[in-house]
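Participant: From first to last, the protein sequence lines stand for chains A and B.
All you need for our numbering is the position in the first sequence, starting with 1, plus 13.
All you need for our numbering is the position in the second sequence, starting with 1, plus 13.
Take these hints with a grain of salt, some might be off.
Because identical chains cannot be distinguished in the list, a pair is counted as satisfied if it fits within a single copy or across any two copies.
Under the rule of at most 25 Å between Cα atoms (straight-line distance), these lysine to aspartate or glutamate pairs were calculated in the DMTMM-like manner [claimed, not checked]:
#1 Lys158 - Glu311
#2 Lys61 - Glu290
#3 Lys155 - Glu18
#4 Lys155 - Asp177
#5 Lys61 - Glu18
#6 Lys254 - Glu18
#7 Lys155 - Glu16
#8 Lys254 - Asp177
#9 Lys155 - Glu113
#10 Lys254 - Asp149
#11 Lys61 - Asp104
Think of the hints as simulated: they come from the structure by calculation, not from any bench.
For reference, the chains in residue letters:
There are 2 protein chains.
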Amino acid sequence: MGEFELIRRFFQRPTRRSALGIGDDCALLAPTPGMQMAISTDMLVEGKHFFADVHPQLLGHKALAVNLSDLAACGAKPLAFTLALSLPRADAAWCQAFAEGLFALADAHDCELIGGDTTQGPLNICITVFGEVPTDAALLRKGAKVGDDIWVSGSLGDARLALDALLRQHALPPAVLAQARQRLEQPTPRVALGMALRGVASSALDVSDGLLGDLGHILEASGVGARIDANITRSLLRARKHPLMAALAMSRIDACTLAGGDDYELCFTAASAAQAEVLHAAQQAQTPVTCIGRIEAEPGVRIMTPNGQQLPLRFASFDHFA
Amino acid sequence: MGEFELIRRFFQRPTRRSALGIGDDCALLAPTPGMQMAISTDMLVEGKHFFADVHPQLLGHKALAVNLSDLAACGAKPLAFTLALSLPRADAAWCQAFAEGLFALADAHDCELIGGDTTQGPLNICITVFGEVPTDAALLRKGAKVGDDIWVSGSLGDARLALDALLRQHALPPAVLAQARQRLEQPTPRVALGMALRGVASSALDVSDGLLGDLGHILEASGVGARIDANITRSLLRARKHPLMAALAMSRIDACTLAGGDDYELCFTAASAAQAEVLHAAQQAQTPVTCIGRIEAEPGVRIMTPNGQQLPLRFASFDHFA
Chain A
14 MGEFELIRRF FQRPTRRSAL GIGDDCALLA PTPGMQMAIS TDMLVEGKHF
64 FADVHPQLLG HKALAVNLSD LAACGAKPLA FTLALSLPRA DAAWCQAFAE
114 GLFALADAHD CELIGGDTTQ GPLNICITVF GEVPTDAALL RKGAKVGDDI
164 WVSGSLGDAR LALDALLRQH ALPPAVLAQA RQRLEQPTPR VALGMALRGV
214 ASSALDVSDG LLGDLGHILE ASGVGARIDA NITRSLLRAR KHPLMAALAM
264 SRIDACTLAG GDDYELCFTA ASAAQAEVLH AAQQAQTPVT CIGRIEAEPG
314 VRIMTPNGQQ LPLRFASFDH FA
Chain B
14 MGEFELIRRF FQRPTRRSAL GIGDDCALLA PTPGMQMAIS TDMLVEGKHF
64 FADVHPQLLG HKALAVNLSD LAACGAKPLA FTLALSLPRA DAAWCQAFAE
114 GLFALADAHD CELIGGDTTQ GPLNICITVF GEVPTDAALL RKGAKVGDDI
164 WVSGSLGDAR LALDALLRQH ALPPAVLAQA RQRLEQPTPR VALGMALRGV
214 ASSALDVSDG LLGDLGHILE ASGVGARIDA NITRSLLRAR KHPLMAALAM
264 SRIDACTLAG GDDYELCFTA ASAAQAEVLH AAQQAQTPVT CIGRIEAEPG
314 VRIMTPNGQQ LPLRFASFDH FA
């Protein structure tokens, strides 16, 4: 199977929205008048972002999910994406499964593949995603104000819990591992929530490198600090709800929820007065949200335990080169 | 040096045109009203698209050049690009030189870096480039008509001549190798020519996999065939002009010019009646163009030698998985 046949068989589909899709030198996209294009790129490397033996269908899902999550963080509506794929060999079964996972998620968000590149080399998946958002309505990192509530969507830390188990750093009951692993391998981009938070959230980003590190980007961009309720963040680890997990060490719960990475939840701030609007947006988007703390003037993050103690900040954010 | 410092030190610069550049979850780009966005992605893998020991400054140039070449092929004006970079390690000297080559070409085309991704892994460079072109004015592959002239910009085959010499398949005088190697390592995207050919060319693409293979895409998309003058295509190998190169085998000249790859010249068609307009566009763009043949109704390509013989089609186009 050659390069062009591979593209035709597994990746070329009729375009629905774009002016021109796969098959020419460029794709052509016409954004709706009055909208800005939101653009994000994420590259996934074997052994770094996924295990060599991960099922290609899950990989197809995740490669697009992490990109859609960036659109969600800006409140943008997905339009299209390009896919650059470096493959060790033209493996039809692999491509078939990868394309299934990819297109299932793409179709769920009405986001179409409009171009890309295919080459032979170490497994590497680079997706660039395009969305649109009304001019000046994008959710940015820099808008957090003193007194704003800090919110997180969904759950936190289960992906890291699964990763650590797969790396044999601890053992998990099979049922708990299966559930946590789904969070690691099939993250849910919070696209509907991001769009519903336009005009409501004062700042937002997606949690990909761990809550504390990512929240730090909001704080730095906004020139503020934060106080976080440790008891609430601990409650966001979904695995804790399993009866077999009552004995999980608090230090691991904190490591997973505060610095876990791979969550792809939204972390956002909103004025305290906008609490009802936040909850309405969450309901509209059918996505649970939890208020985990408050923006303060003093720089840095203070994580408070139920007995009023401040948790030491031992949790570094993920850095590819650290 | 961590991931964020690497980005800040070498790649983050103030945006001039885009609504939002590096540093948030997405970049924001607002195309000019009435324009379509032209989008293209190219991924470069070490050992496939470049030698491991190539100078990073040249690599920075080439990684963007091959993408700009796709915009040129559509007649689009460059606006911005994203860069996803997988690096074995955070090497400051390498990043510095790579960024120099990259930004020199980007600045020459007023094309700004608006986002991307950095990760640790086998060296892989994935650029997605954005341009704009008036609605319905993009040059496509499908417009070639019977009787149209077939044109090529600049020279053909020197990149392949250099590649073969570097792979020790033949020897070249050092001065010839240096000149040919520049074509391989510092290709010139024909952006000005592409824009000047809007409304003039009936079809266009850029020659990246070799003239015959790429022209084949025009012919297939347009449902036509072509007759090519072998004597003219042979004259497009610039190295032949060197006095020491008189003895170069005709078979090598044909292999380089007809199936060389890595040329990044434009191949385009235009009505015979538009010859003066083509030459005017070429003059405007300060880019030499040569008429190499004509579109015919009969499918396939016929390469005619000066004595009226048809050259056998022994030249396959480049395929990463063939």
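Participant: Now look at each hint and say whether the structure bears it out.
Facilitator: Checked hints:
Only within a single protomer do lysine 158 and glutamate 311 lie at most 25 Å apart by alpha-carbon distance; the minimum there is 12 Å, versus 69 Å between protomers. Proximity of lysine 61 to glutamate 290 under the C-alpha cut-off of 25 Å is found in neither arrangement, the shortest distances being 39 Å within a copy and 53 Å between copies. Taking CA atoms no more than 25 Å apart as the test, lysine 155 paired with glutamate 18 passes between copies only; the shortest distance there is 19 Å, against 46 Å inside one copy. In this homomeric assembly, lysine 155 and aspartate 177 never come within 25 Å of each other (Cα to Cα): the closest approach is 33 Å inside a single copy and 52 Å across copies.
When the C-alpha separation of lysine 61 and glutamate 18 is checked against a cutoff of 25 Å, the pair qualifies only between copies, where the shortest distance is 20 Å, while the shortest distance within a copy is 29 Å. For the identical chains of this complex, lysine 254 and glutamate 18 are neighbours neither inside a copy (48 Å) nor across copies (39 Å), given an alpha-carbon limit of 25 Å. Only between protomers do lysine 155 and glutamate 16 lie at most 25 Å apart by alpha-carbon distance; the minimum there is 20 Å, versus 43 Å within a single protomer. When the C-alpha separation of lysine 254 and aspartate 177 is checked against a cutoff of 25 Å, the pair qualifies only within one copy, where the shortest distance is 18 Å, while the shortest distance between copies is 63 Å.
In this assembly of identical chains, lysine 155 and glutamate 113 lie within 25 Å of each other by CA distance neither inside one copy nor across copies; the values are 37 Å within and 30 Å between. With identical chains, the CA atoms of lysine 254 and aspartate 149 are never at most 25 Å apart, being 41 Å at best within one copy and 57 Å at best between copies. With identical chains, the CA atoms of lysine 61 and aspartate 104 are at most 25 Å apart both within one copy (21 Å) and between copies (18 Å).
Of the numbered hints given earlier, the model fails hints 2, 4, 6, 9, 10; all others are met.
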